[in-house]
Amino acid sequence: ISVSFFPPQVLLLAWAEDLECVPGFQQKVFYIEKPFEFTEDRLVLNLKFDDCKGNHKLNFEVSNPDFTVEGDGSLVALKNVSDVGRALFVRARSEHAEDTAEVVIVGANERHGALKEILKLEGNAGIPRQKRAILATPILIPENQRPPFPRQVGKVIRSEGTEGAKFRLSGKGVDQDPKGIFRINEVTGDVSVTRTLDREAIANYELEVEVTDVSGKTIDGPVRLDISVIDQNDNRPLFKEGPYVGHVMEGSPTGTTVMRMTAFDADDASTDNALLRYNILKQTPTKPSPNMFYIDPEKGDIVTVVSPVLLDRETMESPKYELVIEAKDMGGLDVGLTGTATATILIDDKNDHPPEFTKKEFQATVKEGVTGVIVNLTVGDRDDPVTGAWRAVYTIINGNPGQSFEIHTNPQTNEGMLSVVKPLDYEISAFHTLLIKVENEDPLIPDIAYGPSSTATVQITVEDVNEGPVFHPNPMTVTKQENIPIGSVVLTVNATDPDTLQHQTIRYSVHKDPAGWLEINPTNGTIGTTAVLDRESPYVQDNVYTALFLAIDSGNPPATGTGTLHITLEDVNDNVPSLYPTLAKVCDDAKDLRVVVLGASDKDLHPNTDPFKFELSKQSGPEKLWRINKLNNTHAQVILLQNLKKANYNIPISVTDSGKPPLTNNTELKLQVCTCKKSKMDCSATDALHISLTLILLSLLSLLCKSF
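Numbered according to UniProt numbering, the sequence shown terminates at residue 708, and the numbering increases by one at each position without gaps.
No lab work stands behind these hints: they were computed from the structure.
You may find that some hints are simply not true.
Ranges between beta-carbon positions, derived for each pair [stated by the list, open to error]:
1) G164 <-> D83: 51 to 61 Å
2) K660 <-> K367: 55 to 65 Å
3) P652 <-> L593: 25 to 35 Å
4) S289 <-> G85: 29 to 39 Å
For each residue, glycine too, the CB sits at the ideal point set by N, CA and C.
Using the sequences and the accompanying hints, generate a full structural model.
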């Protein structure tokens, strides 16, 4: 690399010339020291552009309108200029090629150190002090160079020559991924690049150079070789965080910040290549003003610029605005690259319009005895639908002392649905007048109030219908003893007709009588029995028998009312006790002669049940064979007094309850005496044996009768 100075103090980076012509600026980046003032018509810099085909129709454009480039490539000022910014950009176009060159302006106080900072050499500028004989000067390569490749970009020098010595290059970009980007001439030390570089992919390469002998053994080095890729403006600004949606409340003060737009530029952030400026290209819609918003060119903040009066959601063509935002690099200069995005701004509603009824009075008609919605009250509200500033809340403020009416909001239509929740009675009141107010869920803004249109009257007419008679009381209850005589009077029911103005007659009938025990006089409502009432019947639940009766008026058509009768039945001792079990077995050689424990039960209720009295009937024969012992109020035990022969025996037992008068059940316990061997009971022959003895006795009796 060679460094030369050109007036006025031009610091030029000159690259080794290619053997073949490369279209475009032959040098793309220039660094000049900023003078006190650029003087009119004085040469600033010579630019060389070649499209390799004669430069027909060549013209230049400069990012700053105070400068121009003449046909020979001379950059001059059109007037005396003192402040031009950090850089100038020159765009050249011909019939066959176009390119951009950058002129970086360095401040006077940066003269000695700026080159190192801007080119990111960080102390590697020039030939570094090394103890070794290898001199590896940092190499600067612009990105996006055009073919042909390879092209020489630098040279490594060895101060001490050794016959047969070779240069060897290594590191990322040589023998490490991405491989093969750089190579070195083993003999001359020329460093070449083999392809186009992209600074946004890799900005710096740190390589190592060493010298080897013929056998490949390192004799000098390694020494670090830094290669820096110089940025070009080859990346457009991008908006990556979309979609961009902002909200602003209607009536907001001028200058209210809505949102921030931020774009990203992959170029070098320390250069103007990534210095972004923002601008609004288009606003849709354009009413009430084509310039509703402004964007800070540096920060990207979008703010309102119209008065609060114009920012009225209800008068706008649309509460949604779309802004096409442009981000341009190069500090917004004409030569900068651009990117665009759409910002959607929604004008949010505030509750500045109270709801108003569409009319002052509503009419409704409802039949007595019916519930449900009877009328929908309609309102208008200019605020944003489906928001708290639009949703209505209705309240009945007068005319509802019995709480017979309720009103709710239809969430889809915002209408007030007035309902009857307690059936109305025509005979009590045929007309009702309600006063209803409507408000919003959200409070109104301080300078707005609800007016007369926010209240309305509802006139309700109740229509008379033929109502069914009503039993008093309902249900009806009565207590009777079971087993009362057939034809006994149970109760006389009372039903009245609510339609007092119609003077109708009432007839009665049985509707549901599960056991068929009852009848009713159709005229006076007297209920009598047609069968015996039995508390133990399956139709009786928890001592209560239930029947339903109808009262039918003489209307057209007739109306019916239903009454329920509950008869509580008192118990009578009308059931004898039952004994269990009725069969018992015992071994003929049993040592334990306690045969069985007997229990007694009774369908009646206490005191017509236990304690039970257990007794044995008179035993035949000279010897008593068994006895019975009471264990408790409900159980007794049968005990043999001696072992019996294998046979069947019937033991007569009587059990008596405690009712008044008491009832006795005389029954028999069948006792089987069986043969028991090895824990097995054999009762198979007992019936046969018992039958044989009976036949013998019958034969003897028959003979005796014949002899007489």
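Given a hint of 29 to 39 Å, does the C-beta separation of S289 and G85 actually sit inside it? Given about 33 Å between the Cβ atoms, the range holds.
So does K660 sit 55 to 65 Å from K367, Cβ to Cβ? holds, 60 Å
G164 paired with D83, Cβ distance criterion 51 to 61 Å: holds, 59 Å
Given the hint of 25 to 35 Å, is the C-beta distance from P652 to L593 inside that range or not? violated, 19 Å
Violated hint: 3 only; the structure is consistent with all others.
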